[in-house]
Amino acid sequence: MNRNEAATNQDIPTAEGTGTMLPPEILKIIDIKKHFQLKGGFLSRSKGILKAVDGVSLQIRKGDIFGLAGESGCGKTTLGYVAGGILPQTEGTIHFEGQPIDDRSGKLTVRDVQFIFQDISGALNPKWMIKDIIAEPLAIIGETAQVRREKTERFMKEVGLTLEYLDAYPHELSGGQRQRVSIARAMVTNPKLIVCDEPFSALDVSVQAQIISLLIKLKRQFDLTYLIISHDLALLQYICNVLAVMYLGEIVEEAVPAEKLFTNPLHPYSQGLLGSFLFADPNKQRIDAIEILAGEVPNPILPPQGCRFHPRCKHCRDICRKEKPVMREIDPGHRVACHFVQHDGS
Amino acid sequence: MNHAATHLEDMKTTEAKTVKKRRESGVKVLFRNPLAILSFLYLTGTGLMAVFAPWVAPYDPNYMDIDARFTAPGLQHWLGTDHLGRDVLSRMIHGARTTMGVSVAVVILSAFVGTSLGLISGFFRRADEIIMRVTDLLMAFPPLVGALAVMAFLGPGVENIVLALFLVMVPRVARITRGETLVLREMTFIKAAQMMKAGTGRIIFRHILPNAMSPLVVYFTLLFAGTIMAEAGLSFLGIGSPPEVPSWGIVLSEGRYYMRNAWWLTVMPGLAIFIAVLSCNLLGDGIRDVGDPRQYGRARK
Numbered sequence: 021m022n023r024n025e026a027a028t029n030q031d032i033p034t035a036e037g038t039g040t041m042l043p044p045e046i047l048k049i050i051d052i053k054k055h056f057q058l059k060g061g062f063l064s065r066s067k068g069i070l071k072a073v074d075g076v077s078l079q080i081r082k083g084d085i086f087g088l089a090g091e092s093g094c095g096k097t098t099l100g101y102v103a104g105g106i107l108p109q110t111e112g113t114i115h116f117e118g119q120p121i122d123d124r125s126g127k128l129t130v131r132d133v134q135f136i137f138q139d140i141s142g143a144l145n146p147k148w149m150i151k152d153i154i155a156e157p158l159a160i161i162g163e164t165a166q167v168r169r170e171k172t173e174r175f176m177k178e179v180g181l182t183l184e185y186l187d188a189y190p191h192e193l194s195g196g197q198r199q200r201v202s203i204a205r206a207m208v209t210n211p212k213l214i215v216c217d218e219p220f221s222a223l224d225v226s227v228q229a230q231i232i233s234l235l236i237k238l239k240r241q242f243d244l245t246y247l248i249i250s251h252d253l254a255l256l257q258y259i260c261n262v263l264a265v266m267y268l269g270e271i272v273e274e275a276v277p278a279e280k281l282f283t284n285p286l287h288p289y290s291q292g293l294l295g296s297f298l299f300a301d302p303n304k305q306r307i308d309a310i311e312i313l314a315g316e317v318p319n320p321i322l323p324p325q326g327c328r329f330h331p332r333c334k335h336c337r338d339i340c341r342k343e344k345p346v347m348r349e350i351d352p353g354h355r356v357a358c359h360f361v362q363h364d365g366s
Numbered sequence: 004m005n006h007a008a009t010h011l012e013d014m015k016t017t018e019a020k021t022v023k024k025r026r027e028s029g030v031k032v033l034f035r036n037p038l039a040i041l042s043f044l045y046l047t048g049t050g051l052m053a054v055f056a057p058w059v060a061p062y063d064p065n066y067m068d069i070d071a072r073f074t075a076p077g078l079q080h081w082l083g084t085d086h087l088g089r090d091v092l093s094r095m096i097h098g099a100r101t102t103m104g105v106s107v108a109v110v111i112l113s114a115f116v117g118t119s120l121g122l123i124s125g126f127f128r129r130a131d132e133i134i135m136r137v138t139d140l141l142m143a144f145p146p147l148v149g150a151l152a153v154m155a156f157l158g159p160g161v162e163n164i165v166l167a168l169f170l171v172m173v174p175r176v177a178r179i180t181r182g183e184t185l186v187l188r189e190m191t192f193i194k195a196a197q198m199m200k201a202g203t204g205r206i207i208f209r210h211i212l213p214n215a216m217s218p219l220v221v222y223f224t225l226l227f228a229g230t231i232m233a234e235a236g237l238s239f240l241g242i243g244s245p246p247e248v249p250s251w252g253i254v255l256s257e258g259r260y261y262m263r264n265a266w267w268l269t270v271m272p273g274l275a276i277f278i279a280v281l282s283c284n285l286l287g288d289g290i291r292d293v294g295d296p297r298q299y300g301r302a303r304k
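Sequence lines, in order, name chains A and B. The opening position of the first sequence corresponds to residue 21 in the numbering used here, with each subsequent residue numbered one higher. The opening position of the second sequence corresponds to residue 4 in the numbering used here, with each subsequent residue numbered one higher.
Among the hints, erroneous ones may be present.
To be verified - Derived DSS-like pairs: lysine-lysine, alpha-carbon spacing no greater than 27 Å straight-line: (1) A/Lys-59 to B/Lys-31; (2) A/Lys-71 to A/Lys-237; (3) A/Lys-171 to B/Lys-31; (4) A/Lys-53 to B/Lys-31; (5) A/Lys-147 to B/Lys-200.
Stated by the list, open to error - So these bits of chain A aren't anywhere near chain B, every CB distance computed over 12 Å: (6) Ser-77; (7) Tyr-101; (8) Gly-112; (9) Lys-127; (10) Asn-145; (11) Pro-146; (12) Thr-164; (13) Pro-190; (14) Arg-205; (15) Ala-206; (16) Asp-224; (17) His-359.
The hints are simulated quantities; they were obtained by calculation from the structure and are not laboratory data. By construction, the Cβ of each residue, glycine as well, lies at the ideal position given by its N, Cα and C atoms.
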């Protein structure tokens, strides 16, 4: 699928006018909703519906490093699982390589999507040796023992683990090494999309840097596509070419290239997020000038009417309380859902 | 960067070497524990005696030498004779056949059935409702009372003891397995396997079962101990194995009338039961340490 076909779809505005051929879409999700029924106690009725993801559209192109940012509880992990075909969506459609996948989660295989988890130690079976852990996706798709061994050894080297670790158990490895094992396991089937759910947050800063360089190296080497879910804007700024900011189950701002969002955040929430975040350069920002986002994230079971961000927004006016803003493209590749952002970016 | 990379490489290789050195086989870990060795020796010794009872036992267990009634332990009769002049040692060696045989059968049966039921009910919600209600029903009786009731219904007999104790033990095994399964299925590596579209069989047998196994094996050793006690208890109460089939419980039971004059009639089988049960517990402790790969490196310290 080329850029023109994608651009004809009105649901998702694309980076118009860039004049270059865009790489093919790997994943396109259109107006995805994921609602959870909250069950009450014994014999009682449903307590309500948790709208974890409420009408999200996005597309990931081949070679993208798509960053999904947001506070805890905003639904970014749920969105990642739905996008990866693990959780069936409540509404909306998901296209993988241009073909819609049904609600059935069994349609995507390890050759299509793989996952990397935040829970580094928990993601590896403690009773298995490293070689079996890395080879598991290959075993699931029925590769022969020879192929499994060759690929396991190759990818262990690729992620920077020596072959002495083949017979090690996960508890004998450090946190960084365990994450390398997870990465090797995710890469071993050469998947088209890798969903990384907070892949760095459980690691030391120095190890984070190693893992990030590793992910970037592997992306170049194997032409991979990542969806990286994280709350750490500094990391996302460093690695992502597309960035989406999520708030209460909705995407409020999306920028291609990601740098646009950092130089010119349009949505008040993105501004708040960036403002509450310390840059390494003290000239860029002084600690006494930080504007902290006021208030708490509202209860997602009873989200606010109108713009979901309005109770915390300093620019809030009547229209924000009544009408839900739609995503608008403010400048090529930069979309935002806010009533007041003008094309000049004010 | 380059320097750092090579340094990192160095660190990795040295670390890897220590990984290799640290690794030991589980058997080695088990046998560094002296109590576990003793327990193992006692239980295998008893087991071998039971298997080869006709060749090992010095006398026929049912041969009555009326002239030699109540002989105290000595060279002729190592553990003395009972009120009918039967050799206590021979009776106990043959009794081990019944006692150990029943226990092994009960443990194997209830381990197999109970673990399967537990895995099914921990993994499939529908089945869980049914299986757990049945186990509730079976567990409503205290263990020995439940076994007594079944025995009363079936009548004495070795097969009936096995069946009665199986019915008592199986819900307990199922419960524990279910609990382990419920905990494990929420772990990230199970989710990871599900996300890799691993089949249910693969998840149950390759992921959940190996991780549930170490607490289960420990429980099986306790179960073995419990079954030895329960069999002895049933036989003692007179509704276990029939009198012509000696078992530790029978020997104990017959000796209780003469406790004041012939202490060996009760002390010897009592001691055998006591040490067997203790050995099971100690061996269970040893196995628990082996079942956990995290212990391989630590045990040396």
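Item to check | Hints that the structure is at odds with (numbers, increasing) | outcome: 1, 2, 3, 4, 7, 9, 10, 11, 13, 14, 15
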